[in-house]
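Heads up: the protein sequence lines correspond to chains G and B, in order. Residue numbering for the first sequence follows this note's numbering, starting at 53 and increasing by one per position. Residue numbering for the second sequence follows this note's numbering, starting at 230 and increasing by one per position.
It should be emphasised that the hints constitute simulated quantities derived from the structure, not laboratory data. One should not assume that every hint holds.
For lysine-lysine, the following DSBU-like pairs were computed, each having C-alpha atoms within a straight-line distance of at most 35 Å [as the list claims (entries may be wrong)]: (1) Lys402/B x Lys281/B; (2) Lys261/B x Lys106/G; (3) Lys106/G x Lys402/B.
Here are some chain G residues the structure puts well away from chain B; computed CB gaps all over 12 Å [claimed, not checked]: (4) Glu90; (5) Ala98; (6) Gln105; (7) Ala125.
All residues carry an ideal CB built from backbone N, CA and C; glycine is no exception.
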Amino acid sequence: MIVRILGEGQLDVEDSELDALNTLDRAVESAIEAGNEEQFRSALDALLGAVRQKGRRVPDDALTDSDLILPPADASLEEVRALLGDEGLIPDPA
Amino acid sequence: MKRMSMIFKAKATKAIDRAEDPRETLDYSYQKQLELLQKVRRGVADVATSRKRVELQVAQLQQQGEKLHGQAQKALGAGREDLAREALTRRAGLDQQLSDLQTQHAALQGEEEKLTLASQRLQAKVESFRTRKETIKATYTAAEAQTRINEAFSGISEEMGDVGMAVQRAEDKTAQMQARAGAVDELIASGALEDASGMPNDDIARELNALSAGSDVESELASMKAQLGAGEAPKELEETGSGSTEQQTQAEPQREERP
Numbered sequence: 053m054i055v056r057i058l059g060e061g062q063l064d065v066e067d068s069e070l071d072a073l074n075t076l077d078r079a080v081e082s083a084i085e086a087g088n089e090e091q092f093r094s095a096l097d098a099l100l101g102a103v104r105q106k107g108r109r110v111p112d113d114a115l116t117d118s119d120l121i122l123p124p125a126d127a128s129l130e131e132v133r134a135l136l137g138d139e140g141l142i143p144d145p146a
Numbered sequence: 230m231k232r233m234s235m236i237f238k239a240k241a242t243k244a245i246d247r248a249e250d251p252r253e254t255l256d257y258s259y260q261k262q263l264e265l266l267q268k269v270r271r272g273v274a275d276v277a278t279s280r281k282r283v284e285l286q287v288a289q290l291q292q293q294g295e296k297l298h299g300q301a302q303k304a305l306g307a308g309r310e311d312l313a314r315e316a317l318t319r320r321a322g323l324d325q326q327l328s329d330l331q332t333q334h335a336a337l338q339g340e341e342e343k344l345t346l347a348s349q350r351l352q353a354k355v356e357s358f359r360t361r362k363e364t365i366k367a368t369y370t371a372a373e374a375q376t377r378i379n380e381a382f383s384g385i386s387e388e389m390g391d392v393g394m395a396v397q398r399a400e401d402k403t404a405q406m407q408a409r410a411g412a413v414d415e416l417i418a419s420g421a422l423e424d425a426s427g428m429p430n431d432d433i434a435r436e437l438n439a440l441s442a443g444s445d446v447e448s449e450l451a452s453m454k455a456q457l458g459a460g461e462a463p464k465e466l467e468e469t470g471s472g473s474t475e476q477q478t479q480a481e482p483q484r485e486e487r488p
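Could you put the whole structure together from the sequences, leaning on the hints where they help?
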């Protein structure tokens with residue numbers, strides 16, 4: 053699964069990590085729903101941190117579409133709210 | 230699903246639909262990629278310019294801070310605690326501004342690094358795209374063209390969307406900081422920060438300056454007297470805590486050397 057963190061590039065993350073990432077994603081969602089800036093910041097940091105840690109960098113010269121795209125680390129709550137679909141940043145397993 | 234990546238995919242499809250000969254879209258897109266690459270590089274240069282400007286301001290304020298510190302010491306040496314207090318108060322004001330500038334500097338440095346990496350990534354992808362574009366054009370058959378061209382577009386359009394946004398974000402942030410840096414530059418240019426004596430209608434600053442200029446001899450005399458006194462009159466030293474510990478630490482190694 054190719055994940056792009058906007059402003060940072062693409063990472064290859066094992067599909068098996070999806071559940072763990074979804075848990076972190078829900079924390080981002082609920083912080084946005086609550087409009088809690090502090091919670092949002094730490095939840096987004098945790099989500100992006102997990103992707104960075106578990107993902108392997110896709111080579112710069114690879115021309116591959118991402119399966120999902122995450123907001124930049126410095127995105128504001130409002131920006132992410134605007135980008136967010138019904139399923140959070142990471143889609144729930146079908 | 231993939232709600233966010235839809236934004237970029239939609240744009241890529243549009244670009245493909247526009248041209249009559251699919252091969253033209255490859256050249257068109259490549260042109261756009263090169264333009265974006267130029268734009269990112271300009272972005273890096275702009276952010277670097279802002280960063281250097283802030284660095285210069287930090288250096289100027291630090292220098293001024295040291296000067297005020299020195300003036301405070303001289304004022305204190307001359308028994309003018311009121312002036313020393315004033316100089317230190319001004320220094321505290323500078324420190325505030327300094328820490329603000331240092332925060333800005335860190336932010337600009339972060340943007341610069343991010344954009345530099347983005348530019349490297351984009352350059353590598355553009356190079357890949359160019360190679361693939363030439364291959365497609367050389368072996369072009371109408372039947373397979375659309376699939377292969379779509380493949381070539383995949384990834385690069387997403388990267389372009391990302392890099393475009395990154396440049397925009399960096400520009401917005403830099404513009405905000407430039408406005409603030411401009412205000413600091415004006416302060417420095419007005420002389421208000423350059424020297425305490427440059428502050429408008431300021432007797433205290435003038436006195437401080439006079440002290441700096443005229444009291445070198447006095448302060449040197451005072452410190453010589455203090456040193457002499459330290460040797461002759463241990464009683465005085467006991468009154469000042471820091472002086473006595475200094476004396477002890479100086480004296481002890483001498484004792485150890487002798488046996």
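Mind verifying the non-interface call on glutamate 90/G? Its CB should be farther than 12 Å from each CB in chain B. Holds: least Cβ distance 19 Å, greater than 12 Å.
Is the nearest CB of chain B more than 12 Å from the CB of glutamine 105/G? 18 Å, holds
Quick one, are lysine 402/B and lysine 281/B close enough, alpha carbons at most 35 Å? Satisfied, since the Cα-Cα distance of roughly 15 Å is no more than 35 Å.
Cβ separation check - alanine 125/G to all of chain B, threshold 12 Å: Label violated. Min Cβ-Cβ 9 Å, cutoff 12 Å.
Hint consistency between lysine 261/B and lysine 106/G [alpha-carbon to alpha-carbon, up to 35 Å]: Holds, because 33 Å separates the two Cα atoms, which is no more than 35 Å.
Outside-interface status for alanine 98/G - nearest CB in chain B farther than 12 Å: 19 Å, holds
Hint consistency between lysine 106/G and lysine 402/B [alpha-carbon to alpha-carbon, up to 35 Å]: 30 Å, holds
Consistency note: the structure conflicts with earlier hint 7 alone.
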